[in-house]
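Going down the list, the sequences are from chains A and B. Just add 287 to the spot in the first sequence (first one is 1) and you have the numbering used here. Just add 241 to the spot in the second sequence (first one is 1) and you have the numbering used here.
Just so you know, the hints here were simulated from the structure itself, not pulled from any lab data. There could be a bad hint or two in this list.
Here are the in silico distance ranges between beta carbons for each label pair [to be verified]:
#	chain 1	residue 1	chain 2	residue 2	range
1	B	VAL533	A	GLU391	50 to 60 Å
2	A	GLU301	B	VAL533	15 to 25 Å
3	A	SER305	B	LYS542	28 to 38 Å
4	B	LYS459	A	SER350	50 to 60 Å
5	B	LYS279	A	SER350	30 to 40 Å
6	B	THR444	A	SER305	41 to 51 Å
7	A	LYS425	B	GLY395	46 to 56 Å
8	B	GLU489	A	GLU391	54 to 64 Å
9	B	PHE346	A	ILE344	18 to 28 Å
10	B	LEU265	A	GLU391	24 to 34 Å
Quick caveat, the model's predicted, so the values are computed rather than measured. Glycine included, each C-beta is placed from N, C-alpha and C at the ideal position.
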Amino acid sequence: MSEKKSVCEPSVFEELYSEHSKSLYNFAFYKSGNSAQSEDLVQEAFIKMWNNCAKVIFEKAKSFLFTVTNNLFLNEVAHKKVVLNYTLIGGKESTNESPEFLMEEKEFMNTLQNAIAALKEGQREVFLLNRIDKKTYKEIAEMLSISVKAVEKRMHLALKQLREKVGNI
Amino acid sequence: MKNEHTDDTFLSRWLENDLTNEELVSFKKGPEYKEYQKIIDATQNFNAPNFNKKEVLEKILQKTSDKKVRKLVPNWMYAAVASVVLLISSVYYLSGTTETFSTSFGEQLALVLPDGSKVLLNSKSSISYKKSDWFNGTRTLELNGEGYFKVKKGSRFTVNSENGNVGVLGTQFNVKTDSSYFEVLCYEGKVQVQNSEETVILTQGLSFRKIENKNSEKGVFIDSKPNWIDGETSFNNTPLKYVLTALEKQYNIQIKSSNIDVNTLYTGVFTNKNLNLALQTICAPVSVQFSVDKNIVVLSKK
Numbered sequence: 288m289s290e291k292k293s294v295c296e297p298s299v300f301e302e303l304y305s306e307h308s309k310s311l312y313n314f315a316f317y318k319s320g321n322s323a324q325s326e327d328l329v330q331e332a333f334i335k336m337w338n339n340c341a342k343v344i345f346e347k348a349k350s351f352l353f354t355v356t357n358n359l360f361l362n363e364v365a366h367k368k369v370v371l372n373y374t375l376i377g378g379k380e381s382t383n384e385s386p387e388f389l390m391e392e393k394e395f396m397n398t399l400q401n402a403i404a405a406l407k408e409g410q411r412e413v414f415l416l417n418r419i420d421k422k423t424y425k426e427i428a429e430m431l432s433i434s435v436k437a438v439e440k441r442m443h444l445a446l447k448q449l450r451e452k453v454g455n456i
Numbered sequence: 242m243k244n245e246h247t248d249d250t251f252l253s254r255w256l257e258n259d260l261t262n263e264e265l266v267s268f269k270k271g272p273e274y275k276e277y278q279k280i281i282d283a284t285q286n287f288n289a290p291n292f293n294k295k296e297v298l299e300k301i302l303q304k305t306s307d308k309k310v311r312k313l314v315p316n317w318m319y320a321a322v323a324s325v326v327l328l329i330s331s332v333y334y335l336s337g338t339t340e341t342f343s344t345s346f347g348e349q350l351a352l353v354l355p356d357g358s359k360v361l362l363n364s365k366s367s368i369s370y371k372k373s374d375w376f377n378g379t380r381t382l383e384l385n386g387e388g389y390f391k392v393k394k395g396s397r398f399t400v401n402s403e404n405g406n407v408g409v410l411g412t413q414f415n416v417k418t419d420s421s422y423f424e425v426l427c428y429e430g431k432v433q434v435q436n437s438e439e440t441v442i443l444t445q446g447l448s449f450r451k452i453e454n455k456n457s458e459k460g461v462f463i464d465s466k467p468n469w470i471d472g473e474t475s476f477n478n479t480p481l482k483y484v485l486t487a488l489e490k491q492y493n494i495q496i497k498s499s500n501i502d503v504n505t506l507y508t509g510v511f512t513n514k515n516l517n518l519a520l521q522t523i524c525a526p527v528s529v530q531f532s533v534d535k536n537i538v539v540l541s542k543k
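Isolated chain A (complex conformation):
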C-alpha cells in the first residue's frame, strides 16, 4: 500500500521545512531587504501551511509557500513603509591591491548595493534570485507565477538600471 505523503505528518512537515526554508528566506529577503522581517515571513508561511495542512498537496507545497510569502509581504507593504536595509554579505578577498584600489572597490560595492535596494521590487527579486541563488529564469517564473519572458524583461531592466547608477565609477 503506497501512502501519499501528508503535510500534516510532523516528519513530512519538517522535511519540507528543511528543504525550502532557506530558499524561502532568501526570497523574502530579496523582496524586503530586511533580515528580521524575512525570518518572520518564513515563520508565518510555514505556520499557515501547518494550519491548512489537510488542504495542501505535498507536491504543491513549495508553490504554496512561495505564493503565501509573496502575499504576506504585499500585505505588509500595503500597511506600512518597508525599511530597506540591504547588507548583502560578500566581496572578493583582495590582499595585494593598493589602498586606493581597495577604497574604490568599497565605494563601488556600496553604490551597487544601494542601487540594488533602489530597484523596483519585481526587478530586484528576479535579479537577486538569478545572481545569488542561481535560479534559472524558468524556476523564477514558477516561483513568482509570471512568464519566462516577463522574467527576462525584468532582468534586462534591472541590469540597465544598475548600470545607470554605478556604470561611471
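Once you have looked at the hints, place chain B on chain A.
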C-alpha cells in the same frame, strides 16, 4: 540583429549565453560592456544573510503545538468535538482518503474514531485509517508506536502494526509496538492478538509480549489503565534499550551509551515530566551515571 535599445531581453539573453556571435562581438566592442561585466562580477560574491534554520523551526513548532495536541490527562470534551469533525469528513470524502494522526516527542493526542471509539496516542506515535473503510463498517487502522484504545461495541475492530495485529469486539487495551518490541495489555473485555507465529486471546488483566526473536511471554497485571496516561512510564523486566528508546521519545533527546549492557532487564517507573529525575530512577538501579548536554544524554558505567 536587434538594436540593443529596443530589445528588452538583450541583457538577460547575454547572461544566459544566448546571443548570436554577431550580437556578442558587437556588444563587447561597445563602451557599456565593461560596466555590465563589472556589475556581474561584483554580484558573483554576494550572499544573502545567514538564516538561523533551527531557531526559526523551533519558533514554528512552538506556535503550532497548541493546536493539534492535548497534553497529559485527556479531556474527553475535546474528543467530542473531534468526533463531530471526523463524522462529517467521513461523509464527504468517501473516495479512499486516508486520515493520519501523529504525535511528536513528549506529546499525547486524544482522538475519537468515526465509530465513537477512543484512542490516546503516546509520544512519537501515529495511527492512520481509510475513511471509506469506517464508513462501510470496517474498523481497521494502522498503528506505529503506542496507543491506548477504548473500543465501542460493534463490528470487529482491528489494529495493524508492523509486528502483529490486535482484533477486538469491544474493550479497552494498550498496544505498544516498536521495531522489535510488541506488547498488548487487555484492560477490559477480550482481545485477540495475532502475529506471524501465533494467535492468543487475552482477557482483562492479561498481557502478551514479544521482544525480538525471543519466545513470546504472557503476563498478568493489576492496573486499570496504562501509567503513561498519568505521566509515568513503567516497565516490567524489559531490556534497558527499550527503556532508553521510550525516554528519547518522551523527552526528544538522543541517548549515547558505550560500555553499558543495554540488554539488562529493567523493572521500574520513570516520570514523564522531569528529565533529570527520570534519568536518576533509570540509572541508579543499574549502576550507570549520566550527563546531559542540551539534548544529548551520555550514559556510562559507574
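Could you work out which earlier hints the structure fails to respect and list their numbers in ascending sequence?
Those not satisfied: there are none.
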